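Number of protein chains: 2
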Amino acid sequence: MKLIQSRDNAFFKALKRLAESGRERRKTGKTLLDGVHLVEAYEAAFGPVETLIVAESALAGGEVARFVEGRDAVVLADALMRELGLVDTPSGLLAVAAMPNSIAAVDLEKEAILLDGVQDPGNVGTLLRTAAAAGIKQALLAPGCAAAWSPKVLRAGQGAHFALAIHEDVDLAGFMAAYRGTTAVTCLDGSTSLYEADWHGPLAWVFGAEGQGVSPALIAAARLRIRIPMPGAVESLNVAAAAAVCLFEAVRRKQA
Amino acid sequence: MKLIQSRDNAFFKALKRLAESGRERRKTGKTLLDGVHLVEAYEAAFGPVETLIVAESALAGGEVARFVEGRDAVVLADALMRELGLVDTPSGLLAVAAMPNSIAAVDLEKEAILLDGVQDPGNVGTLLRTAAAAGIKQALLAPGCAAAWSPKVLRAGQGAHFALAIHEDVDLAGFMAAYRGTTAVTCLDGSTSLYEADWHGPLAWVFGAEGQGVSPALIAAARLRIRIPMPGAVESLNVAAAAAVCLFEAVRRKQA
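Chains W and R are the protein sequences, given in the same order.
Residues in the first sequence are numbered consecutively from 61, following this note's numbering.
Residues in the second sequence are numbered consecutively from 61, following this note's numbering.
Isolated chain W, as found in the complex:
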């Protein structure tokens, strides 16, 4: 295995560009995956990653060392791994991997999660993960959301990306107008309680930015305007928590 210790190394510089620049990721069609679970999920879906990169200290033993045993990997000095600054708690394993091309067309009849202005990468990744766990198979992101295939969103998604058709830069108003199921949005002054709302068939749920919420035009366009009843003194939920409540209420009803 090759050990890289200098930040002037050409491969390290290329890694740093991939870590920091969405433009670089789009140009090369590649992204970075952090952690054994994510790399395994990618490889199960799409086959081998392009390059494995392991932090020097992670070779001493543990999950990462076991994972790279017998495989070709580039070893990075720990200081350089930290310098990539990808996630708050790097796992010690990275992979360069081709971003899968989304060949699926947007489906106007299937369930969907729609994200409007969700900028925080952790929230976008958690929303994708929750949607995938709830059995939803497509995600549509408006312009202004965090880039779905950035390393931080991938890390928070924990493999959800490989179970979803993800469409970015989507005109959500256009999709909602054409959608054949029921469009739903949560808002604090929503008229209908989640637990009393009436729906049949597939839903497209719109979730919005922390603070601002879903944009007024999309709220107006939604068929259902839903309020999550909050009996506590605090009347607000993180967007990913609100989505978990809504998406699993739909799961509960399907199972009932």
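Because identical chains cannot be distinguished in the list, a pair is counted as satisfied if it fits within a single copy or across any two copies.
Here are the simulated SDA-like cross-link-like pairs (lysine to any residue), alpha carbons at most 20 Å apart as the crow flies:
| id | residue 1 | residue 2 |
| --- | --- | --- |
| 1 | LYS314 | SER253 |
| 2 | LYS212 | THR149 |
| 3 | LYS314 | ALA257 |
| 4 | LYS170 | GLN198 |
| 5 | LYS197 | PRO289 |
| 6 | LYS314 | MET290 |
| 7 | LYS170 | PRO291 |
| 8 | LYS170 | ALA281 |
| 9 | LYS76 | GLU116 |
| 10 | LYS170 | MET290 |
| 11 | LYS170 | ALA293 |
| 12 | LYS197 | GLU295 |
| 13 | LYS314 | ALA293 |
| 14 | LYS170 | ARG240 |
| 15 | LYS314 | PRO291 |
| 16 | LYS197 | GLY292 |
| 17 | LYS73 | GLU110 |
| 18 | LYS212 | ARG85 |
| 19 | LYS212 | GLY145 |
| 20 | LYS212 | PRO150 |
| 21 | LYS170 | PHE235 |
| 22 | LYS73 | LEU140 |
| 23 | LYS212 | GLN179 |
| 24 | LYS314 | GLU256 |
Simulated from the structure, these hints should not be mistaken for lab results.
Small disclaimer: the values here were computed from a predicted structure and weren't measured.
We have chain W; now place chain R onto it with these hints.
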């Protein structure tokens, strides 16, 4: 207003210690609040904060400028505000505030949320926020959780801290043994579906670390071992998302 531009300034150094050191926060009994919403929530609960600190650029206009108008505040050069490194997206407003003394005793009859080994500050804050929104009034944290009154947990909590009795370094096994309601834990191989589980009266929910989950001893001690049904290809949820699903299923049943 006084403008601080030097990192050698004594007040800035004290701020940096508060931002970085849990020991310093315990020693002084003070913490840092980030953002207008959090400061307002604190002041509504406990009265005025000790010192307001505003980033130089935030004085130009907007929410922060309106909030500090007519109040005494220390102005910090933007570079120094960033150097505090408190949260990923600083709001431009900070406050030094006394940490409230928890005078409430642990209540063995009321609903509770129990956190076991949840280290990520964002997850701890979101869990507290979700619990407060669901009407829960006490939170018990085992040793090893992120410090509840750290600036990052406060920021993610968005005011939940002021609606909860928060107990840290709690022996959760001891609490569970003495609890007079029903103790519940989520685990992937839980025997009972959340939607089929049967309970009456108050619940104490245990949520565990990402990855590892709740420790085996606490799983064994819980009266209900609950599985969240996940129809999707991805069979995992972020701990804060899982908690939102459980806590609001309890809200739904109370309202039904």
